[in-house]
Each structure stands twice: as C-alpha cells, then as structure tokens.
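*Asks:* Sequence:
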Amino acid sequence: MKVSIIIPVFNEEKTIALIVEKVKAAKLPKGVDKEILVVDDASTDTTSRIVKKLAGLRFFRHKVNRGKGASIKTAFGKARGEIVIIQDADLEYDPADYVKLLAPILMGKTTVVFGSRFSNLKFTLFGKGKTPLPLHFIGNKILTSLTNGLFGSHLTDMETCYKVFVKKILDLNEIKASRFDFEPEFTAKILKKGLTICEIPITISPRGYNEGKKITWRDGLVAIKVLLRERLGK
Numbered sequence: 001m002k003v004s005i006i007i008p009v010f011n012e013e014k015t016i017a018l019i020v021e022k023v024k025a026a027k028l029p030k031g032v033d034k035e036i037l038v039v040d041d042a043s044t045d046t047t048s049r050i051v052k053k054l055a056g057l058r059f060f061r062h063k064v065n066r067g068k069g070a071s072i073k074t075a076f077g078k079a080r081g082e083i084v085i086i087q088d089a090d091l092e093y094d095p096a097d098y099v100k101l102l103a104p105i106l107m108g109k110t111t112v113v114f115g116s117r118f119s120n121l122k123f124t125l126f127g128k129g130k131t132p133l134p135l136h137f138i139g140n141k142i143l144t145s146l147t148n149g150l151f152g153s154h155l156t157d158m159e160t161c162y163k164v165f166v167k168k169i170l171d172l173n174e175i176k177a178s179r180f181d182f183e184p185e186f187t188a189k190i191l192k193k194g195l196t197i198c199e200i201p202i203t204i205s206p207r208g209y210n211e212g213k214k215i216t217w218r219d220g221l222v223a224i225k226v227l228l229r230e231r232l233g234k
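FYI, in our numbering the residues of the sequence shown are 1 to 234.
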C-alpha cells in the first residue's frame with residue numbers, strides 16, 4: 001500500500017527543506033510506502049529553487065498563484081497512493097503523527113481521519129511566542145461549531161491541515177474551492193456522503209503572522225458562506 005503525502009507551498013523558503021526532511025524521516029506502519037508531492041503555488045521567494053534541489057519527491061509548480069486548494073487538487077490528480085495525507089509546508093504539524101493518523105484507516109474503522117489540534121490542547125489566551133493565536137482559535141471554534149450544527153458531526157477541529165483519507169472516496173475535482181475554502185468544502189462533502197470522520201489528537205507548534213501564517217478573518221467569512229452553500233445544496 002502507498003500513501004501520497006501532498007505538500008502545498010507558497011513562499012515557504014525558510015521551512016520547506018526541513019519539513020520535507022521530516023516527512024521523509026517519518027515512520028509508517030509496516031507494509032506502507034510513501035510518495036511526496038510538492039506543489040509550489042507560484043512562490044515569489046526561493047521556495048521552488050530549494051525544492052528542485054531536494055531528492056525523493058515529485059515537484060509541480062503553478063505559473064500563477066491559484067490558492068492552497070488548487071495546489072492540493074493538482075497533487076491529488078498526480079497521486080499514486082491509495083491513501084492521501086495533506087501536510088502543510090510550515091513546521092506547525094509534526095509528521096511523526098502519521099502512524100497514529102493512519103491507524104484507524106488501516107484497521108478498517110473509517111476512511112477519513114482529521115488530526116485535531118484542540119481535542120487535548122491547553123490554550124493560553126494571552127500567551128506569547130508559539131501559543132495559538134486567540135483569533136484563530138476562536139474563529140476555528142466558530143467554524144467547527146457551525147459545521148457540527150449544519151451536518152450533525154462532532155468535530156473539534158474542522159480547519160485542521162491534517163486530513164487523511166482513502167483516495168477513492170472523493171474526487172477532489174468535485175470541489176469548487178481553490179484557496180483556504182478547501183477545508184470547509186472538503187469537510188462538508190465528506191459529511192454529506194454520510195462518511196464518519198475520526199479525529200486523532202496531534203502535536204503542534206503554532207506559528208504567528210511573523211512566521212508566515214497566511215489565513216485571515218476574511219477566509220473565515222468565506223468558510224461560513226461555503227458551509228451554508230453546501231448545506232443548502234447551492
């Protein structure tokens with residue numbers, strides 16, 4: 001069995017080499033191989049130059065910036081694995097969690113796993129450094145609660161990067177989203193299919209805007225619109 005690890009990147013010259021190294025070093029269950037697919041969404045820094053020098057991966061580049069969702073879909077169309085893992089290019093998410101994220105799927109308990117940042121996280125509202133940003137924490141809670149209310153789910157972290165799923169359950173070409181709205185649309189479509197999403201607690205090192213975080217409150221408003229559209233079937 002093969003796992004396709006998709007890494008969408010945009011201006012990640014400071015972290016891309018290290019995250020690829022961590023992904024390569026990440027252990028997988030016995031009998032499971034991995035392939036790494038990196039898609040550069042028209043970065044304006046040296047990200048592409050760095051990735052081209054790295055071995056053991058497949059690299060694709062957009063000529064114009066199309067968004068995170070578009071990058072994921074580009075890689076999905078090239079993926080050869082039976083299972084897909086989405087991995088952000090920063091160092092917030094730890095590839096060492098792959099084994100426990102894959103376990104429920106390999107055991108036949110589910111076909112979709114989300115890595116939850118909040119199911120066991122001690123959140124400090126006024127913390128500094130790498131403490132989760134208050135607005136992102138609150139915004140994610142609002143979006144996750146809305147998702148649960150609209151689709152009858154019991155998620156704790158809808159916006160998580162770590163979405164692991166059996167490739168054949170959903171053709172990502174069905175997804176209209178091309179940017180950060182990929183997360184809510186993907187989640188909604190999975191839930192509308194009647195599939196159960198299993199959440200697994202993960203280890204994170206949150207980053208702030210000074211470290212390259214890109215999602216904003218405007219993306220939150222778009223996410224609400226996407227969730228309502230999916231629920232109303234428009």
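Don't take each hint at face value.
[Unchecked claim] The calculated BS3-like cross-link candidates involving lysine-lysine, where the alpha carbons are at most 25 angstroms apart (straight line), are: (1) Lys30 / Lys14; (2) Lys141 / Lys189; (3) Lys2 / Lys100; (4) Lys34 / Lys225; (5) Lys141 / Lys27; (6) Lys78 / Lys22; (7) Lys63 / Lys14; (8) Lys176 / Lys193; (9) Lys141 / Lys78; (10) Lys109 / Lys52; (11) Lys14 / Lys24; (12) Lys141 / Lys193; (13) Lys53 / Lys78; (14) Lys225 / Lys176; (15) Lys189 / Lys109; (16) Lys100 / Lys176; (17) Lys2 / Lys78; (18) Lys53 / Lys100; (19) Lys24 / Lys225; (20) Lys168 / Lys192; (21) Lys100 / Lys52; (22) Lys53 / Lys24; (23) Lys168 / Lys34; (24) Lys34 / Lys53; (25) Lys141 / Lys168; (26) Lys2 / Lys30; (27) Lys189 / Lys167; (28) Lys53 / Lys109; (29) Lys78 / Lys225; (30) Lys53 / Lys14; (31) Lys2 / Lys52; (32) Lys2 / Lys22; (33) Lys34 / Lys14; (34) Lys141 / Lys225; (35) Lys2 / Lys14; (36) Lys141 / Lys192; (37) Lys27 / Lys176; (38) Lys168 / Lys27.
Derived from the structure by calculation, the hints contain no laboratory data.
*Asks:* Next step is simple, just say for each hint if it's right about the structure.
*Replies:* Here is what the structure says about each hint:
1. For the hint pairing Lys30 with Lys14, the CA-to-CA distance comes to about 32 angstroms; that exceeds 25 angstroms, so the pair is violated.
2. Restraint check: the Cα-Cα separation between Lys141 and Lys189 comes to about 19 angstroms, which is no more than 25 angstroms; the hinted pair holds.
3. Only pairs whose Cα atoms come within 25 angstroms are accepted, and Lys2 paired with Lys100 is accepted, the gap being roughly 16 angstroms.
4. With a C-alpha separation of about 35 angstroms, the suggested pairing of Lys34 with Lys225 is violated against the 25 angstroms cut-off.
5. The straight-line distance between the Cα atoms of Lys141 and Lys27 is roughly 31 angstroms, outside the 25 angstroms bound, and the hint therefore fails.
6. As the CA atoms of Lys78 and Lys22 are separated by approximately 22 angstroms, the hinted pair is consistent with the 25 angstroms bound.
7. Restraint check for Lys63 and Lys14: the C-alpha separation of about 21 angstroms stays at or below 25 angstroms, so the hint holds.
8. Only pairs whose Cα atoms come within 25 angstroms are accepted, and Lys176 paired with Lys193 is accepted, the gap being roughly 17 angstroms.
9. Distance check on the hinted pair: Lys141 and Lys78 sit about 33 angstroms apart at the alpha-carbon level, beyond 25 angstroms; violated.
10. In summary, the hint linking Lys109 to Lys52 is not supported, as the alpha carbons are separated by about 38 angstroms, beyond the 25 angstroms threshold.
11. Taking the CA atoms of Lys14 and Lys24, the gap is about 18 angstroms. The hint holds against a cut of 25 angstroms.
12. Of the pairs offered as hints, the one joining Lys141 and Lys193 holds, with about 23 angstroms between alpha carbons and a cut-off of 25 angstroms not exceeded.
13. Of the pairs offered as hints, the one joining Lys53 and Lys78 holds, with about 20 angstroms between alpha carbons and a cut-off of 25 angstroms not exceeded.
14. Under the criterion of a C-alpha separation no larger than 25 angstroms, the hint pairing Lys225 with Lys176 is consistent with the structure, at around 13 angstroms.
15. Our distance criterion of 25 angstroms between C-alpha atoms is met by Lys189 and Lys109, whose separation comes to about 19 angstroms.
16. Of the pairs offered as hints, the one joining Lys100 and Lys176 is violated, with about 30 angstroms between alpha carbons and a cut-off of 25 angstroms exceeded.
17. For the hint pairing Lys2 with Lys78, the CA-to-CA distance comes to about 13 angstroms; that is within 25 angstroms, so the pair holds.
18. Of the supplied pair hints, the one linking Lys53 and Lys100 is violated, its CA atoms being roughly 30 angstroms apart against a limit of 25 angstroms.
19. For a cut-off of 25 angstroms, the pair hint linking Lys24 to Lys225 is broken: about 37 angstroms separates their Cα positions.
20. Under the criterion of a C-alpha separation no larger than 25 angstroms, the hint pairing Lys168 with Lys192 is consistent with the structure, at around 16 angstroms.
21. Of the supplied pair hints, the one linking Lys100 and Lys52 is violated, its CA atoms being roughly 30 angstroms apart against a limit of 25 angstroms.
22. Our distance criterion of 25 angstroms between C-alpha atoms is met by Lys53 and Lys24, whose separation comes to about 15 angstroms.
23. At most 25 angstroms may separate the alpha-carbon atoms for a hinted pair to count; Lys168 and Lys34 meet this at roughly 17 angstroms.
24. Distance restraint check for Lys34 and Lys53: the Cα-Cα separation of roughly 19 angstroms lies within the 25 angstroms cut-off, and the hinted pair is therefore satisfied.
25. With a C-alpha separation of about 29 angstroms, the suggested pairing of Lys141 with Lys168 is violated against the 25 angstroms cut-off.
26. A distance of roughly 11 angstroms separates the Cα atoms of Lys2 and Lys30; the hinted pair therefore holds under the 25 angstroms criterion.
27. With a C-alpha separation of about 14 angstroms, the suggested pairing of Lys189 with Lys167 holds against the 25 angstroms cut-off.
28. For a cut-off of 25 angstroms, the pair hint linking Lys53 to Lys109 is broken: about 39 angstroms separates their Cα positions.
29. For the hint linking Lys78 to Lys225, the alpha-carbon distance of about 29 angstroms lies beyond 25 angstroms, and the restraint is violated.
30. Our distance criterion of 25 angstroms between C-alpha atoms is met by Lys53 and Lys14, whose separation comes to about 15 angstroms.
31. With a CA separation close to 23 angstroms, the supplied pair Lys2 and Lys52 stays within the 25 angstroms bound.
32. Proposed proximity of Lys2 and Lys22 is supported: the alpha carbons are some 18 angstroms apart, at most 25 angstroms.
33. Taken as a hint, the Lys34 and Lys14 pair is honoured in the structure, with Cα atoms around 24 angstroms apart against an allowance of 25 angstroms.
34. Between Lys141 and Lys225 the alpha-carbon distance is near 16 angstroms, which keeps this suggested pair within the 25 angstroms criterion.
35. At most 25 angstroms may separate the alpha-carbon atoms for a hinted pair to count; Lys2 and Lys14 exceed this at roughly 29 angstroms.
36. Proposed proximity of Lys141 and Lys192 is supported: the alpha carbons are some 21 angstroms apart, at most 25 angstroms.
37. At roughly 33 angstroms between alpha-carbon atoms, Lys27 and Lys176 are farther apart than 25 angstroms, so this suggested pair is violated.
38. Distance hint between Lys168 and Lys27 is fulfilled; the C-alpha atoms sit about 24 angstroms from each other, no more than 25 angstroms.
In summary, the structure is inconsistent with hints 1, 4, 5, 9, 10, 16, 18, 19, 21, 25, 28, 29, 35, 37 from the numbered list given earlier, while agreeing with the others.
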